[in-house]
Amino acid sequence: DSGVTQTPKHLITATGQRVTLRCSPRSGDLSVYWYQQSLDQGLQFLIQYYNGEERAKGNILERFSAQQFPDLHSELNLSSLELGDSALYFCASSVGELAGYADTQYFGPGTRLTVL
Amino acid sequence: GQSLEQPSEVTAVEGAIVQINCTYQTSGFYGLSWYQQHDGGAPTFLSYNALDGLEETGRFSSFLSRSDSYGYLLLQELQMKDSASYFCAGPYNQGGKLIFGQGTELSVKP
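In order, the protein sequences belong to chains P and W.
Take the first sequence: its position 35, counting from 1, is numbered 35 in our numbering, and each next residue is one higher.
Take the second sequence: its position 65, counting from 1, is numbered 65 in our numbering, and each next residue is one higher.
Isolated chain P (complex conformation) (with noise of 0.2 Å):
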C-alpha cells in the first residue's frame, strides 16, 4: 500500500457523458501527478501539480482537465468521453515537485474507466 489513494476503483460510462477521478496523496506529499496507462499506448504523462498550482504539463487533451484543491488532493475531469479514453488512470504522488531521487513517485492502486 502506497498511501496514495483513488476513488473509484472501476468506472463504467458512455460515450459524451463527463467523470470525475479522484485522488489523495500520501501524507506529507506536495504533489500530484496524473498518468493515464492504456494497452496501445503505455503509461503516459498527463499533468502534475504542486501545492495546488500548475507545474508541468504532458499530452493531456483539451477535453480533460485537472486541479489540486487546498487540501492536496486531486481530480481529474474528463468530459465528452470516446471509446479511446477506456483506460487505468492512475494518481501518483511525491515531496517534492521535480523527479530526481528525493522525489519518488509513489502510485495510487488506479482508476479504470470503460467508456462504452
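Hints are not guaranteed to be accurate.
Stated by the list, open to error - Here's a subset of chain W near chain P, in silico, CB distances under 8 Å, partners left out: (1) 44; (2) 87; (3) 95; (4) 96; (5) 98.
Said to hold, decoys possible - If you anchor each label on the Cβ, the simulated ranges turn out as follows: (6) 105(W) to 53(P): 26 to 32 Å; (7) 30(W) to 28(P): 21 to 27 Å; (8) 52(P) to 2(W): 25 to 31 Å; (9) 79(W) to 51(P): 36 to 42 Å; (10) 16(P) to 21(W): 41 to 47 Å; (11) 40(W) to 79(P): 44 to 50 Å; (12) 38(W) to 15(P): 40 to 46 Å; (13) 54(W) to 75(P): 39 to 45 Å.
Everything labelled a hint here was simulated from the structure, so no lab data went into it.
Computed from a predicted structure; not experimentally measured.
Just so it is clear, CB atoms sit at the ideal spot from N, CA and C, and this is done for glycine as well.
Fit chain W to the given chain P structure using the hints.
Relative to the frame of chain P, chain W by itself:
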C-alpha cells in the same frame, strides 16, 4: 526528443539472472528510474540512478551510463513473483514529469 526504449518481453527461469536494458534520448534527461507493475496493479518504485554506476537494492541492481545514454535493471535469483512488467522512466527538465518506456514483460518459468 524525450523517449526511452526497452525490449517488449523477456523470459527467464527461476533462480537465474536477467538484465533489462533501456536506452534513452538525452534532451533534458537527468536520471533513470525503474518501476515494477504486476498485472493491472499500481507501478511501484524500484530504483533511481542520478549518477553513472551501479545501485544495488537486495536482489535488484540498476546501472546507468550517461555517456552511452543507456541503463539496465538486473534481477538476480529470480522468483516466480518477479513475473511482472518493468518500466524505465526518465525525469526531464519539466517539473516532475516522468517519461516512461513501453515496458518489458518479464516471465519467470519454473
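Going down the list of hints, with the structure as the test:
At its closest, the beta carbon of residue 44(W) sits 7 Å from a beta carbon of chain P; the interface hint therefore holds under the 8 Å criterion. This hint holds: residue 87(W) has a C-beta 7 Å from the nearest C-beta of chain P, less than the 8 Å allowed. Because the beta carbon of residue 95(W) sits about 3 Å from the nearest beta carbon in chain P, less than 8 Å, this interface hint is met. Residue-level restraint check for residue 96(W) holds (minimum Cβ-Cβ distance to chain P is 4 Å; threshold 8 Å).
Interface restraint check for residue 98(W): the shortest CB-CB distance to chain P comes to about 5 Å, inside 8 Å, so the restraint holds. Between residue 105(W) and residue 53(P) the beta carbons are some 37 Å apart, a value that contradicts the proposed interval 26 to 32 Å. Checked against the given bound of 21 to 27 Å, the beta carbons of residue 30(W) and residue 28(P), roughly 24 Å apart, stay inside it. A beta carbon spacing of about 26 Å between residue 52(P) and residue 2(W) agrees with the range 25 to 31 Å that was offered as a hint.
Under the hint 36 to 42 Å, the C-beta atoms of residue 79(W) and residue 51(P), about 40 Å apart, fit the expected range. As the Cβ distance of residue 16(P) to residue 21(W) is approximately 43 Å, the hint placing it in 41 to 47 Å holds. Look at residue 40(W) against residue 79(P): about 26 Å separates their beta carbons, and that is not inside 44 to 50 Å. In this structure, residue 38(W) and residue 15(P) break the distance hint of 40 to 46 Å, their C-beta atoms being roughly 31 Å apart.
Range check, residue 54(W) to residue 75(P): Cβ separation about 41 Å, and the 39 to 45 Å hint holds.
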